[in-house]
Amino acid sequence: MKARVPAPEDPFNAFITRCEGKPGGKGRLAGIMVAVKDNISTRGIPTSCGSRILEGYTPPYNAHAVDLILGEGAVIAGKTNMDEFGMGSSTENSAFGPTKNPVDPSRVPGGSSGGSAAAVAAGMVPMALGSDTGGSIRCPAAFCGIVGLKPSYGRVSRYGLVAYANSLEQIGPLAKTVTDVSLLMGVISRYDPRDSTMQNRPFTPRLNGEVKGLRIGVPAEFFGAGVDPAVGEKVRAAIGLLEGLGASVVPCSMPSMAYALAAYYVTCTSEASSNLARFDGVRYGASDDIRKSWHEAFREIRAKGFGEEVRRRILLGTFALSAGYYGKYYAKAQAARRNVSEDFARIFRDVDVIAGPTMPTVAFRIGEKTDPLSMYLSDILTVPANLAGIPAISVPCGKVSGLPVGLQIMGKPFEDERILDVAYAYEQEAA
Amino acid sequence: MTVIIGLEIHCQLTTKTKLFCGCSTDYRNDPPNTHTCPTCLGLPGALPCLNRSAVEYALRVAKALNCTVLEEAEFARKNYFYPDLPKGFQITMYDRPLAVDGHLEIEGDDGTEKRIRITRVHMEEDPGRLVHVGSGDRPRYSLVDYNRSGIPLIEIVTDPDLRSPKEARRFINTMRTTLEYLGVFDGDREGGLRVDANISMEGGSRVEVKNISSYKGVEKALTFEITRQRNVIRRGLTVERETRHFLEARGVTTSARSKEEEHDYRYFPEPDLRPLRVREWCDAIVLPELPAARRVRFAETFGVSPPHARTLCGDLKLADFFEEVAVCGDPVLAATWVADTLLGEIYYRDMEIARVPARHFVELLDLLRKKEITDKGGVEVLRTILDQSAKGEVPENPAAIVARLNLGKAAGDAFGPVIREVVEACPAAVQDFRNGKPEALNYLVGQAMKRTRGRADPKELARMIREAIGETGVTG
Amino acid sequence: MVSPDDVEKIANLADIRLPGDRLGEFTREFNAILEYFDILDTVREEAGERRGVFNVMREDEITPSLPQGEVLALPRDSEEGFIKAPRVME
Chain A
-4 MKARVPAPED PFNAFITRCE GKPGGKGRLA GIMVAVKDNI STRGIPTSCG
46 SRILEGYTPP YNAHAVDLIL GEGAVIAGKT NMDEFGMGSS TENSAFGPTK
96 NPVDPSRVPG GSSGGSAAAV AAGMVPMALG SDTGGSIRCP AAFCGIVGLK
146 PSYGRVSRYG LVAYANSLEQ IGPLAKTVTD VSLLMGVISR YDPRDSTMQN
196 RPFTPRLNGE VKGLRIGVPA EFFGAGVDPA VGEKVRAAIG LLEGLGASVV
246 PCSMPSMAYA LAAYYVTCTS EASSNLARFD GVRYGASDDI RKSWHEAFRE
296 IRAKGFGEEV RRRILLGTFA LSAGYYGKYY AKAQAARRNV SEDFARIFRD
346 VDVIAGPTMP TVAFRIGEKT DPLSMYLSDI LTVPANLAGI PAISVPCGKV
396 SGLPVGLQIM GKPFEDERIL DVAYAYEQEA A
Chain B
55 MTVIIGLEIH CQLTTKTKLF CGCSTDYRND PPNTHTCPTC LGLPGALPCL
105 NRSAVEYALR VAKALNCTVL EEAEFARKNY FYPDLPKGFQ ITMYDRPLAV
155 DGHLEIEGDD GTEKRIRITR VHMEEDPGRL VHVGSGDRPR YSLVDYNRSG
205 IPLIEIVTDP DLRSPKEARR FINTMRTTLE YLGVFDGDRE GGLRVDANIS
255 MEGGSRVEVK NISSYKGVEK ALTFEITRQR NVIRRGLTVE RETRHFLEAR
305 GVTTSARSKE EEHDYRYFPE PDLRPLRVRE WCDAIVLPEL PAARRVRFAE
355 TFGVSPPHAR TLCGDLKLAD FFEEVAVCGD PVLAATWVAD TLLGEIYYRD
405 MEIARVPARH FVELLDLLRK KEITDKGGVE VLRTILDQSA KGEVPENPAA
455 IVARLNLGKA AGDAFGPVIR EVVEACPAAV QDFRNGKPEA LNYLVGQAMK
505 RTRGRADPKE LARMIREAIG ETGVTG
Chain C
44 MVSPDDVEKI ANLADIRLPG DRLGEFTREF NAILEYFDIL DTVREEAGER
94 RGVFNVMRED EITPSLPQGE VLALPRDSEE GFIKAPRVME
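Just so you know, the sequences run in chain order A, B and C. Per the numbering used here, the first sequence starts with residue -4, numbered consecutively. Per the numbering used here, the second sequence starts with residue 55, numbered consecutively. Per the numbering used here, the third sequence starts with residue 44, numbered consecutively.
Pulled out of the complex, with its shape left as it was, chain A reads as follows (with noise of 0.2 Å):
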């Protein structure tokens, strides 16, 4: 792993690359600079996706999000740091180093959009563009104190994201305010018919903080064993704002929590095994010794070239989907995710959104997590929506310890409106 001296005016190693930005350009971003992760395709901008294989790699296109802002005026800050190829939820499985957290440096920022929310924290930039496959947008944000929104599955081009889990993951805005995220919203989630999963429906921000008569759904699997009793009291205080603005909660539980997090994981890795099978060193990026046969040569590649983490979920996926497995792993999660979104379309008939923590703690300590699938287990709160496709939003609820806490509120399918709304609500009365 290449250890990075952090520059005086990226101390907390937010980026991988910076960027001369000329402003000048016209729009609604005009003059803004916009950080953007690395695995988000930039013409002539090197993009890594935090890993070594892709040193090197300069794409020859832009992702379709990157044109959208572009093309209002917005300035590209750079190419901020994260987990290598999305996995991770701290930003430490970087080749390029672990990105601090600007609220405590001896912290993780969280991840694995963990470069872009430090970028904003730490008021480098306004805004970034993230990508949230399991809570990759959502987690760090409540870690480092911003907005950060996950919009519904479909409603953001995945065209130039360099793709982890192609069924879960989607591009979104983080910022300090809901306003700056809802305007960055705006601008990427112009439709793009190259993204056969991408659905035409125009996004047209509603920002009236007005939640009187609004239900919101409280699951009890949210506030569950392994949930930081301090955060959760953070959250069930900041709902209780929610409540005296005219908002009421309605009790209920969701049973899929129960397997959830594991139809996460064998999905992603599964997905992940098949998606990273293209880092072979023969069109771009790190390549071997020519005189090698080629399966000698893509062996040594990827072994060199992918850290620890990713290899591990490679093999994960592959055997997830190796022969006679794939009714036992692969099937299983595709029913529960089914499951999942058949119990929040239950759970919605009766409330209009549903709120909780977004992570189960604080940030944690850099070096703290060792073990892979505690590290895992943190993702337990955000993963639902990813496994459902409905829009996720976090924004900053108070602290413990000093440490930022995320509320989180997820709404109906294409209502990522209605979330921006609620947020809304809640940053003005709590301001």
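In short, the hints are calculated from the structure, not lab data. Computed from a predicted model, the values in this text were never measured in an experiment. There may be inaccurate statements among the hints.
[Unchecked claim] With a straight-line Cα cutoff of 25 Å, these simulated BS3-like cross-link-like pairs (lysine-lysine) come out:
id: 1; chain 1: C; residue 1: K127; chain 2: A; residue 2: K299
id: 2; chain 1: A; residue 1: K287; chain 2: C; residue 2: K52
id: 3; chain 1: C; residue 1: K52; chain 2: A; residue 2: K364
id: 4; chain 1: B; residue 1: K220; chain 2: B; residue 2: K132
id: 5; chain 1: A; residue 1: K287; chain 2: A; residue 2: K299
We have chain A already, so just place chains B and C on it with the hints.
Here is chains B and C on its own, set in the frame of chain A:
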């Protein structure tokens, strides 16, 4: 010993663009890696987007082969690593293909019509093209061209209903013609059709032969395999179940050391694409006229004989040409001349039917119909036209050629002297004929033909010679 | 439960060479995760109509390809327009 053969045929569809991206499919005359984009290069972040025409073409094939279209078809990933496979997986279809349970009728080995069952029809993308640098057994490195990566393929799998290499070849020819009639395939495109064959001698293991890329290659490969397997059995051994590669140049199959049957492709549904529900679409498709129907129409409308109809309809462009020239007033004559004479002449010249000027051919047929030239004269006119066309010139009109080469059929009287000459010069033959040997007449006619340089009709000459000799003995 | 040998076989299938020194530890972590996945055995598939989006397609219209120069700028090595790759053993 019964031979059991099944085929897997891969055909490139003639859409304008690739299966999952908008790159042009017209890559054959262009330099390498000039028809690529992030999607067909498999660059990180690129996404596939399905070509509507490819689905239309595939459904035409499914319908023409009398298949049942599945309620829901789904693309799947076939995962394996190879330099010509840019994503490290091929997007294909696995347990939910486009269509199943069809059939195609061919001419069996005994001349009767035979039904070959089609197991399934599905769509998939072509990989890139690999060139090995260095000698055959010890290549130094490989060169990759991704122009072909992403070209739409249709895969047609048959039940093991074929019983001989010749039947297999006939099946492929019939399939190729059918696909051309459907407007989805162009047999002239090199490498557009590839075949994998499964063969077993009844009761024995199944051997898969891959990498056959020509129609003749199929017959060669299977013939070799039968001989090889017979030899194995004769030596008292059992035929191993394995995958073999066909080496076209040497006409042999060799064992594939890459242990292909051990591949675990880890199929799962392609998450970047949506499933297809296309039954109604298929029902609404109106198929163009297919070879069998065209044969019937040629017989009924033009009076073309069955063998001629089969020849003419066996190639779409040839059948189209025939219809163009059948307006000449004698379609049966046209059929004979196209199927028996023209076809041989263009084959000999390695010429495409498209280069033959239809208008000139019609004029030629006219001259023949009116008996203004003999058959032999007609052949010479045709050859002249073809040679001139082959050089890129606009050929002379048939009438002009006839005049220039003095091929006009002379009136019978003009040959009187020739007849008398021949009869006087060949007394022995004349005597033989009088004694009842009809072949002697042929000899005399041949002598007369030589002296008239093809300007006389052989039947006419025969009649005149018989008259001159005086009819005796058996009529020849 | 998988053995270190099984893990190596899976690595073979995934075409990644695993460093031998940590194989034991890696296998232990691997098994812990697989054990966690066992909860999926309890999932009962709820029957219901498969909903979703179908027939997403594009028109058969040509869009510009990348210029050859841009394609060849990506790999380490190219030769006469082809991309160089390690040899394949046939």
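Under the constraints set out in the numbered hints, which ones does this structure not fulfil? Of the numbered hints given earlier, those the structure breaks are 3 and 4, listed in rising order.
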